[in-house]
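S.K.: Okay, here's what each chain looks like letter by letter:
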Amino acid sequence: MSVGATIVFSLVLLLAIVGGAAVLTWFERRLLGIWQDRYGPNRLGPFGILQVLADMLKLLTKHDWVPPFSDKVVFIFAPTAIVVAMMLGFAVVPFSPELYILDINIGLLFFLGMTSLAVYSVLLGGLASNNKYALLGGLRSAAQMVSYEVFMGLSLMGVVMLTGSFSLRDIVEAQRDGWYCIPQALGLYVFIIAGIAESHRLPFDLPEAEHELTAGFHTEYGGMKFTMFMLGEYCGLILLSCMITTLFFGGWLGPVLPPIVWFCLKTFFFICFFILLRAAIPRPRYDQLMSLGWKVMLPLTLINLVATGAIALWMQGA
Amino acid sequence: MQTAAAIKNNEMPDALLNQSGEALGVAQVTADHTPTYWVAAKDLHQVMRGLKPQFPMLYDLFGIDERHRTQRPGQPAADFSVVYHLLSFTDKGDIRIKVALIEPGSVPTLVDLWPAANWYEREAWDMFGIIFDGHPNLRRILLPPLWEGHALRKEHPARATEMEPFAMSEELLDAEQEALLFKPEEWGMARESDETEFMFLNLGPNHPSVHGVFRIALQLDGEVVVDAVPDIGYHHRGAEKMGERQTWHSYIPYTDRIDYLGGVMNNLPYVMAIEQMAGIEVPDRAKVIRIMLSELFRISSHLVFYGTFAQDVGQMSPVFYMFADRERLFGIIEAITGGRMHPAWFRIGGVAQDLPVGWDRMVREFIDAMPARLDHYDKMAMQNSILKQRTVGIGKYNTREAIEWGVTGPGLRATGMEWDLRKARPYGGYDQFDFEVPTAQGGDCYDRAVVRIEEIRQSLKIIRQCVDNMPEGPYKSEHRLTTPPPKDRTLQDIETLIHHFLNVSWGPVIPAGESACMVEATKGLNSYHLVSDGGTTSYRTRIRTPSFPHLQMIPLISRGLMIPDLIAIIASIDFVMADVDR
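Respectively, the protein sequence lines represent chains E and F. Under the working numbering, read the first sequence as residues -18 to 299, first letter to last. Under the working numbering, read the second sequence as residues 2 to 583, first letter to last.
Note that these hints are calculated values from the structure, not bench results. Any given hint might turn out to be false.
Distance condition first, Cα-Cα at most 25 Å in a straight line; then the derived SDA-like pairs of lysine to any residue [to be verified]:
#	chain 1	residue 1	chain 2	residue 2
1	F	Lys462	F	Val438
2	F	Lys389	F	Pro556
3	F	Lys380	E	Cys253
4	F	Lys288	F	Phe434
5	E	Lys113	F	Lys184
6	F	Lys380	E	Tyr170
7	F	Lys184	E	Thr195
8	E	Lys113	F	Ser107
9	F	Lys389	E	Pro280
10	F	Lys389	E	Trp243
11	E	Lys113	F	Ala180
12	F	Lys242	F	Pro556
13	E	Lys276	F	Lys389
14	F	Lys389	E	Tyr170
15	F	Lys462	F	Tyr428
16	E	Lys113	F	Leu562
17	F	Lys155	F	Ser107
18	F	Lys380	E	Pro280
19	E	Lys113	F	Lys242
20	E	Lys276	F	Phe434
21	E	Lys113	F	Thr197
22	F	Lys184	F	Thr197
23	E	Lys113	F	Val438
24	F	Lys93	F	Gly280
If we take Cβ atoms under 8 Å as the criterion, some of the chain E residues that face chain F in the derived model are [said to hold, decoys possible]:
#	residue
25	Gln17
26	Arg19
27	Arg24
28	Ala72
29	Glu193
30	Thr195
31	Pro265
32	Lys276
Computed beta-carbon distance windows for the label pairs [stated by the list, open to error]:
#	chain 1	residue 1	chain 2	residue 2	range
33	F	Val393	E	Met37	37 to 45 Å
34	E	Ile(-12)	F	Glu328	48 to 56 Å
35	E	Phe249	F	Gly189	54 to 62 Å
36	F	Gln384	E	Ile292	33 to 41 Å
37	F	Leu147	E	Ala(-3)	42 to 50 Å
38	E	Trp46	F	Pro427	55 to 63 Å
39	F	Asp195	E	Ala(-3)	54 to 62 Å
40	E	Phe254	F	Gln384	49 to 57 Å
What you are looking at is a predicted structure, and each value in this text was computed from that prediction instead of being measured. All residues carry an ideal CB built from backbone N, CA and C; glycine is no exception.
In isolation and in its complexed conformation, chain E is listed as follows:
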């Protein structure tokens, strides 16, 4: 793509993601509603979709309060960090053979780096609030993210080994003969779990855990700053679904339909999957989550890594 086209596409993508995240708030509530024997927001506009606008208006007009006891600069900076990091993460996602912003040879590492940056947002938000619940939420998120970061990266290395490249386009192209969800099933499993933990959604929403910590790290946040956290979370959800599609389910590959449609369909499927997960599963305790991580996930990842490495070597030799 030319520079001009890239800029135009970036802007379109930005709008699409923000819009998508906004619509997702409504879509999630409707979907949860259907699964839970109730309606969800269905009053405003067709199927209640204008609820998104109403919510936005409400959040925009809320008092933009900064607690006097907080660390003000960090308090304001924290919610922006998560949105920026998540948005940047989209830069390396190949939506179709032609539609992408960056194709760099460290694409996958860039994605991992950006999701790691998002952790700071939660951590700083929790600490800067100077509130005990927020502090506990911040502490939990620090522990959770640091541990799950490890497997998240490692779980993807199998994919990298099979492809021999960190470029996401190469990874998709390498799946023409078969999606990686089969040979890398273990990697996929660990990546999904680590991904939910990273995006701290239920069942791994321990930093938030409304039943325990009221609202966890964002207890003191309201109005637009709260919106930013939410926007970041939903962007994270979309990004995670995009990455699963790209890395394990052949990205844009698929018969008959145009590539971009395939990509969107697959991503949409995983978004629904994550929403269903939220509806279905209770929240483990913080120490249980940690021990699951270190005692189950890490060994699984390492086994996957060693096995994939051995097979890759064996195939090269053959």
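Use these hints to put chain F onto chain E, whose structure you have.
M.R.: Same frame as chain E, now just chain F:
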């Protein structure tokens, strides 16, 4: 009817005799036939220690302001009396010990015998100013810390219009806020240990998981609960004081609001206690209707528990299914009573109306559909491995601890004790029904849920028997104190018209006496101890609720666990704050 003289000294339990065989107690006759003895304050501790092996649970402890009471034949002179109700789980029944107090007097504390006495004695001090010598921390529990006076004393105003208009000035606001601050030193807590500085977290009174307005001050080391201080009283509405103003009849709607998930089940101990005093025999149809409605409300309450229990361990969906079922249930209750959560539908001597045409079809539809749905929920929630990880082995206590702390209901049965009042001492017609008493062995959060869920199935069984065998006949008693009285002849003869008019306008006059009636309510044992001085209102209404002692136990079972465990414990206790604070 027994008279005081008929209760001979040799019928007294040994604990009430001193070394030389003389009686330490004076017997009193009550309408509920519970052996009741007056004991001197100096003998109290010795007597109680002697009674404890036979009557292991301190079921209730409360005060009565005796100064305005006119009809107390044979009872020792007293300004105040303290009533101790002890429970045995054998066929021995109960025993009631009373201590007379002349101001300024005091009674010895029983905290060293029963840890459960702690909150009850604080409540008696809060309400009457009765001093308990040796109590570790005798401070206000239900009323705000800066409250003036003791609310259940007769001279204390009962309504706002009897006082000066209330104004909250800036200074008063600051003072009240200051008084609410948690000061660890007042509870004997250290702010730091050798290794660490503790964090004190104020969980509540407004918190998503405390089920109402309930505060727990937590002493935390990281996320580990070192100690906890439950703080109650935010939901206190003076229900016992209101009982002294409302007529016997017009107090019924207030009882609905004690355990607000229990609906008409709250009416039951209240009207039964009155019926005992008035000597009213309730017709069979009314009995079965009462049981059916009570069990419907038990299911409704347990469904709320089930849903919120799953929700509090982070499972989002179950609560919506359970509330949908509860909605179906409310449809039935609405068709029968006209009300939903608070029908106030039982009456002295029966129920308010006969069952509507077609009631059995609605009930049958519900009880036919429910078991399959329960199986479904079991798969969804109770068999979920994360839910099990979160609740199995958490918040454990054994039968002995449960009895020491006054725990009744499913919380007691989850420790393996098969004791259900409906079976052990059938009341109101429960002896006619075939059902089982579910128990569990572990006494942890999970087991408490298991017991309640099985109780839903047993309640369905009881309701099916009600539908299949609903007796014909009147739905209220022909007794003249039935309120409102049967009306069929009011327009034909003056006597029934006058009775109707008086019972409805002034309210019925219940003969002087004392009576307590206990029921196996949704959350444990609930009872009303009523004192009539021969008037149209109660002289003293004591409401013993199960949730009150259950909350007192929280620190014991949550020490050393983490905040999420504490939330699971709170969820598994199944309380409502109105049932605690009254």
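S.K.: If a hint holds in the structure, say so; if it doesn't, say that too.
M.R.: Hints versus structure:
| no. | hint | in the structure |
| --- | --- | --- |
| 1 | Lys462(F) / Val438(F) | holds, 12 Å |
| 2 | Lys389(F) / Pro556(F) | holds, 22 Å |
| 3 | Lys380(F) / Cys253(E) | holds, 22 Å |
| 4 | Lys288(F) / Phe434(F) | holds, 12 Å |
| 5 | Lys113(E) / Lys184(F) | holds, 17 Å |
| 6 | Lys380(F) / Tyr170(E) | holds, 23 Å |
| 7 | Lys184(F) / Thr195(E) | holds, 23 Å |
| 8 | Lys113(E) / Ser107(F) | violated, 42 Å |
| 9 | Lys389(F) / Pro280(E) | holds, 24 Å |
| 10 | Lys389(F) / Trp243(E) | violated, 40 Å |
| 11 | Lys113(E) / Ala180(F) | holds, 21 Å |
| 12 | Lys242(F) / Pro556(F) | violated, 30 Å |
| 13 | Lys276(E) / Lys389(F) | holds, 19 Å |
| 14 | Lys389(F) / Tyr170(E) | holds, 22 Å |
| 15 | Lys462(F) / Tyr428(F) | holds, 18 Å |
| 16 | Lys113(E) / Leu562(F) | holds, 18 Å |
| 17 | Lys155(F) / Ser107(F) | holds, 19 Å |
| 18 | Lys380(F) / Pro280(E) | violated, 30 Å |
| 19 | Lys113(E) / Lys242(F) | violated, 39 Å |
| 20 | Lys276(E) / Phe434(F) | violated, 52 Å |
| 21 | Lys113(E) / Thr197(F) | holds, 16 Å |
| 22 | Lys184(F) / Thr197(F) | holds, 18 Å |
| 23 | Lys113(E) / Val438(F) | violated, 44 Å |
| 24 | Lys93(F) / Gly280(F) | holds, 24 Å |
| 25 | Gln17 | holds, 4 Å |
| 26 | Arg19 | holds, 6 Å |
| 27 | Arg24 | violated, 19 Å |
| 28 | Ala72 | violated, 33 Å |
| 29 | Glu193 | holds, 5 Å |
| 30 | Thr195 | holds, 6 Å |
| 31 | Pro265 | holds, 5 Å |
| 32 | Lys276 | violated, 13 Å |
| 33 | Val393(F) / Met37(E): 37 to 45 Å | holds, 44 Å |
| 34 | Ile(-12)(E) / Glu328(F): 48 to 56 Å | holds, 54 Å |
| 35 | Phe249(E) / Gly189(F): 54 to 62 Å | holds, 58 Å |
| 36 | Gln384(F) / Ile292(E): 33 to 41 Å | holds, 37 Å |
| 37 | Leu147(F) / Ala(-3)(E): 42 to 50 Å | violated, 59 Å |
| 38 | Trp46(E) / Pro427(F): 55 to 63 Å | holds, 59 Å |
| 39 | Asp195(F) / Ala(-3)(E): 54 to 62 Å | holds, 57 Å |
| 40 | Phe254(E) / Gln384(F): 49 to 57 Å | violated, 22 Å |
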